[in-house]
Amino acid sequence: MEEFFTLPFKISFVLDEMLLFIASLVLLITCFWLIISRNLIESIIIMSVFSLFIGICYLFMDAPDVAMTETALGACLSTCVLLNVAKIVGEDTGKLKKLNTLLAAILCSFFVVILTWISLDLPSFGTQDSEVQTHLTKYYLQNTRTDIAIPSFVAAILASYRGYDTLGETTVILIAGLAVLVIVSRKNNHA
Amino acid sequence: MLKDFIVIKLILSFILPYITLYAIYIQLNGEISPGGGFQAGVIFATGIIGYELVFGKEHFLRFISIKALLICSVMGVFLYAGTGVVSLIFSDNYLNYNSLQSNAIAGQHLGIFLIEIGVGLTVSSVMCLIYTLLRED
Numbered sequence: 001m002e003e004f005f006t007l008p009f010k011i012s013f014v015l016d017e018m019l020l021f022i023a024s025l026v027l028l029i030t031c032f033w034l035i036i037s038r039n040l041i042e043s044i045i046i047m048s049v050f051s052l053f054i055g056i057c058y059l060f061m062d063a064p065d066v067a068m069t070e071t072a073l074g075a076c077l078s079t080c081v082l083l084n085v086a087k088i089v090g091e092d093t094g095k096l097k098k099l100n101t102l103l104a105a106i107l108c109s110f111f112v113v114i115l116t117w118i119s120l121d122l123p124s125f126g127t128q129d130s131e132v133q134t135h136l137t138k139y140y141l142q143n144t145r146t147d148i149a150i151p152s153f154v155a156a157i158l159a160s161y162r163g164y165d166t167l168g169e170t171t172v173i174l175i176a177g178l179a180v181l182v183i184v185s186r187k188n189n190h191a
Numbered sequence: 192m193l194k195d196f197i198v199i200k201l202i203l204s205f206i207l208p209y210i211t212l213y214a215i216y217i218q219l220n221g222e223i224s225p226g227g228g229f230q231a232g233v234i235f236a237t238g239i240i241g242y243e244l245v246f247g248k249e250h251f252l253r254f255i256s257i258k259a260l261l262i263c264s265v266m267g268v269f270l271y272a273g274t275g276v277v278s279l280i281f282s283d284n285y286l287n288y289n290s291l292q293s294n295a296i297a298g299q300h301l302g303i304f305l306i307e308i309g310v311g312l313t314v315s316s317v318m319c320l321i322y323t324l325l326r327e328d
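In order, the protein sequence lines correspond to chains A and B. Just so we're aligned, residue 1 is where the first sequence starts under the working numbering, counting upward by one. Just so we're aligned, residue 192 is where the second sequence starts under the working numbering, counting upward by one.
Please keep in mind that the hints were generated in silico from the structure rather than gathered at the bench. None of the values given here were measured: they were computed from a predicted structure.
Derived DSS-like pairs (lysine-lysine); straight-line CA-CA distance at most 27 Å:
id	chain 1	residue 1	chain 2	residue 2
1	B	LYS258	A	LYS87
2	A	LYS87	B	LYS194
3	B	LYS200	B	LYS248
4	A	LYS87	B	LYS248
Label-pair restraints from in silico Cβ distances:
id	chain 1	residue 1	chain 2	residue 2	range
5	A	THR146	B	GLU327	51 to 59 Å
6	B	LEU252	A	ILE175	18 to 26 Å
7	B	GLY247	A	THR137	47 to 55 Å
8	A	THR127	B	ALA259	47 to 55 Å
Where is the CB? At the ideal position from N, CA and C, for every residue including glycine.
Model the full structure from these sequences, guided by the hints.
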């Protein structure tokens, strides 16, 4: 009987892993589709699909904050901005100067090899006794309840323990907006 | 113009209040649920951009100008940094919210709430600013 009651939890665990596997597979197919696509608009839409599926992957890996950001920023906002840019550039990319494809392919393969090599050193997903989990994370988990007393550990780390970092990030976002403003207004003055 | 497509216009008008409400929910519940200022700002900007996409730039700039967006984004960072300065006045470390109220935990809650609002304000207005600037006239 006990076996029967714990069955839904086991199934949901397996289901999570299976859905994550399917989403990763779709992600891989999307990447290859992105490589072979020739149309600018099509590429932008595929990038949006990629963001959507990687958001789903983050959700299954228990990171709803990152999933939310990726879906809103990658799938919606940057797609809108890029589609506007594509409207200015024009759908026909044949007129644009072609890059050296061989050099780009060699560089990309180089990056793939390096990143794969580095990822061998990473701890596997969900390991409890990895380097990351044993030092500061332990302190945060033990002291958030007494120091800050909010249920969301992410918010506690982001806003209180790591307040300086978040201030820097906010300033970086402001500077990015100002940089776009400066570049676009300069172009308008010359025209 | 997308405004002429009645289905898109109606669906956007239907879904826009919910997107905005969701952004406000995430902003105010950053302490107890996933998400925070950044996510709330991005979702709010998504709603505004959807409105801009359908009704056009002129209609959009009638409500809020580029200068106002710029002022909002600077105000967000100012609110964040100002919260830190308040704790400096009470002879505490910069960005330590313990001294914002008499109780340390209540001070932490108030400080986190204030800086999340600052982050949300900056992110939403910068996203709208970038989108509006790169929009073809």
